[in-house]
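Engineer: Here's the letter readout for the chains.
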Amino acid sequence: MNPKIDLDHVCALANLRLTKNEKKLLGPQMIKIVNWVNKLEELEMDVSKGEVYSSVSFSLPFREDNIKPSLPAREALANSPEKSEGLVKVPKVFEVK
Amino acid sequence: MNLTSLSATKLRTLVKKKEIKAQEIILAYLKRIKEQEKDLSAFITVLGEKALASAKSIDRKRDKGKLAGIPVAVKDNILTKGIRTTCASKMLEKYVPPYSATVVNKLEEEDAVVIGKTNLDEFGMGSSTENSAFFPTRNPWDLRRVPGGSSGGSAAAVAAGEAAASLGSDTGGSVRQPAAFCGLVGLKPTYSRVSRYGLVAFASSLDQIGPLTRTVADNALLTQIIAGSDPQDSTVSSQPVPDYRKEMRRELPSPKAAYLKDKVLDGIDPEVKDNYYRTLSVLEETGAELREMDFPSWEYALACYYLIAPSEASSNLSRYDGVRYSFRHPRYSNLKEMYLNTRSEGFGREVKRRILLGTFALSSGYYDDYYLKAAQARKLICQEFEKAFKKVDFILTPTAPEPAFLFGEKEDPVAMYLSDIFTVTANLAGIPALTMPVGLSQKGLPIGIQIMASFFQESCIFKLAFLLEKKVKFDNNKLNLRKRRSHV
Chain A
1 MNPKIDLDHV CALANLRLTK NEKKLLGPQM IKIVNWVNKL EELEMDVSKG
51 EVYSSVSFSL PFREDNIKPS LPAREALANS PEKSEGLVKV PKVFEVK
Chain B
1 MNLTSLSATK LRTLVKKKEI KAQEIILAYL KRIKEQEKDL SAFITVLGEK
51 ALASAKSIDR KRDKGKLAGI PVAVKDNILT KGIRTTCASK MLEKYVPPYS
101 ATVVNKLEEE DAVVIGKTNL DEFGMGSSTE NSAFFPTRNP WDLRRVPGGS
151 SGGSAAAVAA GEAAASLGSD TGGSVRQPAA FCGLVGLKPT YSRVSRYGLV
201 AFASSLDQIG PLTRTVADNA LLTQIIAGSD PQDSTVSSQP VPDYRKEMRR
251 ELPSPKAAYL KDKVLDGIDP EVKDNYYRTL SVLEETGAEL REMDFPSWEY
301 ALACYYLIAP SEASSNLSRY DGVRYSFRHP RYSNLKEMYL NTRSEGFGRE
351 VKRRILLGTF ALSSGYYDDY YLKAAQARKL ICQEFEKAFK KVDFILTPTA
401 PEPAFLFGEK EDPVAMYLSD IFTVTANLAG IPALTMPVGL SQKGLPIGIQ
451 IMASFFQESC IFKLAFLLEK KVKFDNNKLN LRKRRSHV
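Order-wise, the sequence lines are chains A and B.
Mind the numbering: the first sequence is residues 1 to 97 in our numbering, read in order.
Mind the numbering: the second sequence is residues 1 to 488 in our numbering, read in order.
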């Protein structure tokens, strides 16, 4: 497989904007890396079987849903660049007409 | 007595016997840091006053913990409450966490002293610490060379006597490769053995925190403290944690170990190869039964890793958007532009490269061919390990294909990724793996060997490593930073 990588599309999906120089460098590097990982095609695997890896061998435990003290909002928001009245503040998403 | 060249175990004994105070230890290490940091740059943050205050309060305690007064350096992607944790990224340059990682709490409960936060490749992405957004760290064995990565700061600090032990994180070899480059013992524990709560996520199914130390006993000591269940991380196993230091000294009756076929070692540094075979001979002399083994899917492990890790990273790093985590680009006219400008300015080149690669592998039309295929290849690799561990107790490999390389030597990302060729398999399979130094190259650079075992067999790994340590007698004190300065 020789994939065409639409770098602008991938950047849009990743919320990244590359400079001209970065595009010049990263574009060919991405193709080189993808061609390199294409080595996996040599392995005979049946994708439809869906046998994939699970990171832990035990079933994840459940606990009682007891209410415990949690991080105070002031501390949780302390690193936010802009906040107001106990909430994070971001540019407007909707215009009010 | 030069306190900075003693092992953590020895320091612990001296404090316990009241022959030295925690304050004396911390003062000696802070002095050493002051003398050497201009050459090494192992630390992003040194905690001088705070470390001294902790030492004073430890000295006042009647019942001291198991790590009383031991200065431990912590990789700067492990959260420390109230202490800046940057991940060596502009994105988190001013981030001060509101809580500490479980491993940090566990160390401090046993009276260890966090002496500083160490440099890394940004968000743990790299094998040389050249990808730190702030500055590179130098290898104390040769200042012209990299200390390895991504836990390069943690490795350089311990090797140069700036900390008695350190914590790193290992996603594809980030504890073991720098430990090998700096002549240390480094462990990546079994996935789920150590809590990841408070470790800034890179690739969640691969990440594990592990200790870097000068001796095997020190490593066993730290692992025992940081391992074990954690109500904050449901992926941690509730299996009891053995007393690794006691276990380590027990007999290991005729261990069976597999070694790699010669063709797998094609292209690696000849001195690394020689040291590998020499160590195998030493083991054989001790009564170990060695057998050559073929791992056909191993040659696909790196490709598999470099799809899975970036895919998970692209998802984990989507949280850095200028809303919650300290950095926001000053110029934007709407929300979307704020995200774009913040992420484009806040992330370095390697992080962008991996986010893009992961986004591509997970994107519509490519998911089946890339991510899913890699997930299935991972299963095949695991099955090979399962089969192997029915026949042998250990698998031995070199840790890295070469000793520490020069700064700027690997500008091509694929060439850099090849540094992880022997280490990624343990992360993909979730098994424990330890590196220990077994020799020096002709240029005086440390060379490591990697010991892998089946799930939760850390005790067996420590036993074999302890045995080997006594036979190999690697001398960390051969490192002479003053002499090395002349190379710069």
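Please keep in mind that the hints were generated in silico from the structure rather than gathered at the bench.
All of these numbers come straight from a predicted model, not from anything done at the bench.
Some hints could be false.
[As the list claims (entries may be wrong)] When the alpha-carbon atoms are kept at most 20 Å apart in a straight line, the in silico PhoX-like pairs for lysine-lysine are as follows:
1) B:LYS379 to B:LYS390
2) B:LYS443 to B:LYS390
3) A:LYS83 to B:LYS336
4) A:LYS39 to A:LYS23
5) B:LYS94 to B:LYS50
6) B:LYS17 to B:LYS31
7) A:LYS32 to B:LYS410
8) B:LYS66 to B:LYS18
9) B:LYS256 to B:LYS471
10) B:LYS273 to B:LYS64
11) A:LYS39 to B:LYS263
12) B:LYS50 to B:LYS17
13) A:LYS4 to A:LYS23
14) B:LYS443 to B:LYS273
15) B:LYS336 to A:LYS92
16) A:LYS39 to B:LYS379
17) B:LYS50 to B:LYS31
18) B:LYS21 to B:LYS10
19) B:LYS10 to B:LYS443
20) A:LYS24 to B:LYS410
21) B:LYS64 to B:LYS17
22) A:LYS89 to B:LYS379
23) B:LYS94 to A:LYS83
24) B:LYS336 to A:LYS89
Engineer: With the threshold set at 20 Å, check whether the alpha-carbon distance from LYS256 (chain B) to LYS471 (chain B) stays at or below it.
Structural biologist: 18 Å, holds
Engineer: Please work out if LYS66 (chain B) and LYS18 (chain B) have their alpha carbons no farther apart than 20 Å.
Structural biologist: With a Cα-Cα distance of about 14 Å, the restraint between LYS66 (chain B) and LYS18 (chain B) holds, given a limit of 20 Å.
Engineer: Holds or violated: LYS443 (chain B) with LYS390 (chain B), Cα cutoff 20 Å?
Structural biologist: Judged against 20 Å, a Cα distance of about 40 Å means the pair is violated.
Engineer: For the pair supplied as a hint, LYS10 (chain B) and LYS443 (chain B), confirm whether the alpha-carbon distance does not exceed 20 Å.
Structural biologist: 30 Å, violated
Engineer: With a cut-off of 20 Å on the C-alpha distance, tell me whether LYS89 (chain A) and LYS379 (chain B) pass.
Structural biologist: 44 Å, violated
Engineer: Quickly compare the C-alpha distance for LYS32 (chain A) and LYS410 (chain B) to 20 Å and report which way the hint goes.
Structural biologist: Holds: LYS32 (chain A) and LYS410 (chain B) sit about 15 Å apart, inside 20 Å.
Engineer: Below or equal to 20 Å on CA atoms is what counts here, so check LYS94 (chain B) against LYS83 (chain A).
Structural biologist: 16 Å, holds
Engineer: CA of LYS24 (chain A) to CA of LYS410 (chain B), is that 20 Å or under?
Structural biologist: Status holds; Cα separation ~19 Å.
Engineer: Need the status of pair LYS4 (chain A), LYS23 (chain A): alpha-carbon distance at most 20 Å?
Structural biologist: 15 Å, holds
Engineer: Sort out whether LYS10 (chain B) lies within 20 Å of LYS21 (chain B), counting only the CA atoms.
Structural biologist: Holds, at about 13 Å.
Engineer: Measure nothing beyond the straight line between the CA atoms of LYS336 (chain B) and LYS89 (chain A); if it is 20 Å or shorter, mark the hint as holding.
Structural biologist: Holds - the C-alpha atoms of LYS89 (chain A) and LYS336 (chain B) are around 14 Å apart, at most 20 Å.
Engineer: Decide if the proposed pair is consistent with the structure: LYS273 (chain B) and LYS64 (chain B), CA atoms, cutoff 20 Å inclusive.
Structural biologist: With Cα atoms ~45 Å apart, LYS273 (chain B) and LYS64 (chain B) exceed 20 Å; violated.
The structure shown violates the earlier hints numbered 2, 4, 6, 10, 12, 19, 22.
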